[in-house]
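Q: With chain A's structure known, arrange chain B on it following the hints.
Protein chains: 2
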Amino acid sequence: MNEKMRVMTDRPLNAETPLESLRSWITDNDVFFKRNQGQIPQKPVSLSDWRLQVDGLVNLKLATTFEDLRRLPRAVVADTLECSGNSRSLLKKKASGNPWTVGGVGNAVWGGIWLRDLLEKAGLKADARHVSFEGFDQPLGSAGIKFIRSIPIEKAMSSTLLAYEMNGQPLPLEHGHPLRALALGWTGASCVKWLKRITVLDKPFEGFFMDRVYRVFQKGEDSKSGQVVTDIEIKSIIVEPADGQTLSIQTVPIRGAAYAGEEGIKKVDVSVDGGSTWHPADLVGPEQLYAWRHWEYRWKPPAAGDYTIMSRATDTKDQMQPMQANWNSLGYGNNGITEHAVTVHING
Amino acid sequence: MNEKMRVMTDRPLNAETPLESLRSWITDNDVFFKRNQGQIPQKPVSLSDWRLQVDGLVNLKLATTFEDLRRLPRAVVADTLECSGNSRSLLKKKASGNPWTVGGVGNAVWGGIWLRDLLEKAGLKADARHVSFEGFDQPLGSAGIKFIRSIPIEKAMSSTLLAYEMNGQPLPLEHGHPLRALALGWTGASCVKWLKRITVLDKPFEGFFMDRVYRVFQKGEDSKSGQVVTDIEIKSIIVEPADGQTLSIQTVPIRGAAYAGEEGIKKVDVSVDGGSTWHPADLVGPEQLYAWRHWEYRWKPPAAGDYTIMSRATDTKDQMQPMQANWNSLGYGNNGITEHAVTVHING
Chain A
168 MNEKMRVMTD
178 RPLNAETPLE
188 SLRSWITDND
198 VFFKRNQGQI
208 PQKPVSLSDW
218 RLQVDGLVNL
228 KLATTFEDLR
238 RLPRAVVADT
248 LECSGNSRSL
258 LKKKASGNPW
268 TVGGVGNAVW
278 GGIWLRDLLE
288 KAGLKADARH
298 VSFEGFDQPL
308 GSAGIKFIRS
318 IPIEKAMSST
328 LLAYEMNGQP
338 LPLEHGHPLR
348 ALALGWTGAS
358 CVKWLKRITV
368 LDKPFEGFFM
378 DRVYRVFQKG
388 EDSKSGQVVT
398 DIEIKSIIVE
408 PADGQTLSIQ
418 TVPIRGAAYA
428 GEEGIKKVDV
438 SVDGGSTWHP
448 ADLVGPEQLY
458 AWRHWEYRWK
468 PPAAGDYTIM
478 SRATDTKDQM
488 QPMQANWNSL
498 GYGNNGITEH
508 AVTVHING
Chain B
168 MNEKMRVMTD
178 RPLNAETPLE
188 SLRSWITDND
198 VFFKRNQGQI
208 PQKPVSLSDW
218 RLQVDGLVNL
228 KLATTFEDLR
238 RLPRAVVADT
248 LECSGNSRSL
258 LKKKASGNPW
268 TVGGVGNAVW
278 GGIWLRDLLE
288 KAGLKADARH
298 VSFEGFDQPL
308 GSAGIKFIRS
318 IPIEKAMSST
328 LLAYEMNGQP
338 LPLEHGHPLR
348 ALALGWTGAS
358 CVKWLKRITV
368 LDKPFEGFFM
378 DRVYRVFQKG
388 EDSKSGQVVT
398 DIEIKSIIVE
408 PADGQTLSIQ
418 TVPIRGAAYA
428 GEEGIKKVDV
438 SVDGGSTWHP
448 ADLVGPEQLY
458 AWRHWEYRWK
468 PPAAGDYTIM
478 SRATDTKDQM
488 QPMQANWNSL
498 GYGNNGITEH
508 AVTVHING
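Same order as they appear, the protein sequences are chains A and B. According to this note's numbering, the first sequence is numbered sequentially starting from 168. According to this note's numbering, the second sequence is numbered sequentially starting from 168.
Excised from the complex, chain A in its bound form (with noise of 0.2 Å):
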């Protein structure tokens, strides 16, 4: 575990990515975020041994093994990973949940399989709907309920990426060695790591996971009468300068990442005056679907003084990202305006 990544949690494994590490493009292996419900495995599987079921609603149940896997189509894609709970401590009214600031986002560039070669391959049945995904991490506590999620076979079959590289590396251990789902777009919480079976259903998986968290639901409401979390909504984030920190009056970059889930960002706004009036940042580094975009705004403060600044993006689909979000009673999805209070000081 780096030393730089603040752990929320160490049973189950649940870390935050650093803010200075947010200032990248791309996120080191090594300090990107980790969110867990089980227990990571004690050590990497072999390969030679490993197989990949895939069964349910299939003509042709497959056990993969990983050298199956390597031969199918190669699939490389940038995808920015959120876990669904990021900023929720950030809530005015508290929701129940790890207390994440902003630093439970990440973004790698990942190599793998499309999850629709291997479907292909098995064979859909008529009345196939959904996708779940099982690994071989071990559940903690004593319900020992299985982290299983399911999908709906729309995703699956276009935008689901089985991967097992990330950024150069072959996946490594804490982050689904050796096989982890990507729902690209998607929050964390279906993007199963450890991958060991993967059924075809009739409809969504029903267990834990997925009735009673990841959905979002008011307080006092039954949790299944709320929607399943999927994909990221519009957010941005300020990973510069750092909330309450002193300025000396000089143009000051305003930076952080703007993402959409499956969609683009088209602009990025920035306020410094607390939401009042915005002025457009400049877009910076690569763009790819998936991947968020990085942001800068040169700001030359006029006068000493205290400011608020805010960032604000919008994305292709002209979504912008609400001044405060929904609430719900787990938190999920926080992607409301965040304030930084700066002061500035003359210069001496």
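Be aware that a few hints might be false.
[What the hints assert, rightly or not] Residues of chain A placed beyond 12 Å of chain B at every Cβ, according to the derived structure: (1) T184; (2) S188; (3) L258; (4) T268; (5) L291; (6) G308; (7) I315; (8) Q336; (9) K363; (10) P371; (11) Q385.
[To be verified] Distance windows between CB atoms, simulated: (12) A/D235 x B/P185: 22 to 30 Å; (13) A/S415 x B/A230: 15 to 23 Å; (14) A/H446 x B/L414: 52 to 60 Å; (15) B/P337 x A/L450: 19 to 27 Å; (16) A/L450 x B/P185: 31 to 39 Å; (17) A/L414 x B/P337: 46 to 54 Å; (18) B/K313 x A/K484: 48 to 56 Å.
[Said to hold, decoys possible] Heads up, simulated SDA-like pairs for lysine to any residue below, C-alpha to C-alpha not over 25 Å straight-line: (19) A/K228 x B/I416; (20) A/K171 x B/E234; (21) A/K467 x B/R238; (22) B/K467 x A/K467; (23) A/K363 x A/E454; (24) A/K467 x B/P240; (25) B/K370 x B/D284; (26) A/K171 x B/R237; (27) A/K288 x B/R465; (28) A/K171 x B/E341; (29) B/K467 x A/E287; (30) A/K171 x B/N169; (31) B/K467 x A/E234; (32) B/K288 x A/T418; (33) A/K288 x B/L227; (34) A/K288 x B/I513; (35) B/K288 x A/N514; (36) A/K288 x B/I416; (37) B/K171 x A/Q336; (38) B/K433 x A/E454.
These aren't lab readings, by the way, just hints derived from the structure by calculation. Beta carbons: idealized from backbone N, C-alpha and C, even for Gly.
A: The following block gives chain B in isolation, referenced to the frame of chain A:
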């Protein structure tokens, strides 16, 4: 030093990226090829002590701090770096120099600033024509010649980065911490590491590493008669299968990378019959100017036997990789098509 790298010499350190790491779009910093003329600094310079001198034909000499650089507009670019002498050992007629195979190449996403922003701050005089780079690596050998290189002012002002970040990490010591020049799309020879001084000149810098090496000349000619090595020429490499590999008779993914310096990759063709017929490969993964493009051709061998596999790239200016590179005394720019001899046998 990562144990997977093939070390050619250790004083100075020259080592290749391992073949398996060339499968990925991102080349991990730890295995990214290393090519040096001098002695790598033993430990990182203190960022608070470090200054970047900018002098020569400028209106205002600068001694820039690292914090000054961080405040300049941020630039983030994917750039494939290749050693001028890469693939030298594959030339049929031998040439002098380190015996690189195909691993003197790698791709990273670099973060930093545009050199032009710094030069504009200094202000160019009317006779500014070249820009030289000097690092704080120590010369090796009794001659005590510093590795100093210059590039034309047009390249410096259009597409040259000063990078302080590599694949999401602060620039590692072995890759030039805290700052290296990156003439985008040009070979490593113009991309000086451990920068301490940038000088604006009215002509190319004169010295051993400009006049005697990194020039394309024939035996018996004076080295200065040759052209200075600048941009990377159109090339493709086969990463898998390996040369000499034995394969079973099933679909074989033939995979590799293609790159063309300042140009994009238009297409890659593959031959499995020693160059008689060619088949278009699929281009795979991110497309970014200055970065390589990965490709794949799914070959179905018609029968058991011996085959010669080749790949041939074409760039966006319709320049095609040649069967043989133009030979020169120091074996620079070997972009000739390589042959992989593979044997296919009946499975079973």
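Q: Grab the minimum beta-carbon distance between A/T268 and chain B and tell me whether it stays above 12 Å.
A: holds (19 Å)
Q: At 12 Å, judged by beta carbons, does A/I315 keep clear of chain B as stated?
A: Holds, because the least Cβ-Cβ distance between A/I315 and chain B comes to about 30 Å, which exceeds 12 Å.
Q: Would the hint linking B/K171 and A/Q336 be met if the CA-CA limit is 25 Å?
A: Roughly 13 Å between the alpha carbons, so the hint for B/K171 and A/Q336 holds.
Q: Find the nearest Cβ of chain B to the Cβ of A/L258 and say whether that gap is larger than 12 Å.
A: holds (28 Å)
Q: Would you mind confirming whether the straight-line C-alpha gap from A/K171 to B/E341 stays at or under 25 Å?
A: holds (22 Å)
Q: For A/K288 and B/R465, compute the direct alpha-carbon distance and say whether it is at most 25 Å.
A: holds (16 Å)
Q: In this structure, is the beta-carbon distance linking A/L450 and B/P185 contained in 31 to 39 Å?
A: Check passed, 35 Å falls within 31 to 39 Å.
Q: Any Cβ of chain B at or closer than 12 Å to A/T184, or is the non-interface label fine?
A: violated (10 Å)
Q: For the pair we were handed, A/K228 and B/I416, check the Cα-Cα distance against 25 Å.
A: It holds: about 23 Å lies between the C-alpha atoms, which stays within 25 Å.
Q: Taking only the CA atoms, is the gap from B/K288 to A/T418 under or equal to 25 Å?
A: holds (14 Å)
Q: For a C-alpha distance cap of 25 Å, please report whether A/K288 and B/I513 respect it.
A: holds (22 Å)
Q: Keeping to a limit of 25 Å between CA atoms, is the pair of B/K467 and A/E287 held or broken?
A: holds (19 Å)
Violated hints, listed in ascending order, are 1, 2, 8, 17, 22, 23, 33; each of the other numbered hints is respected by the structure.
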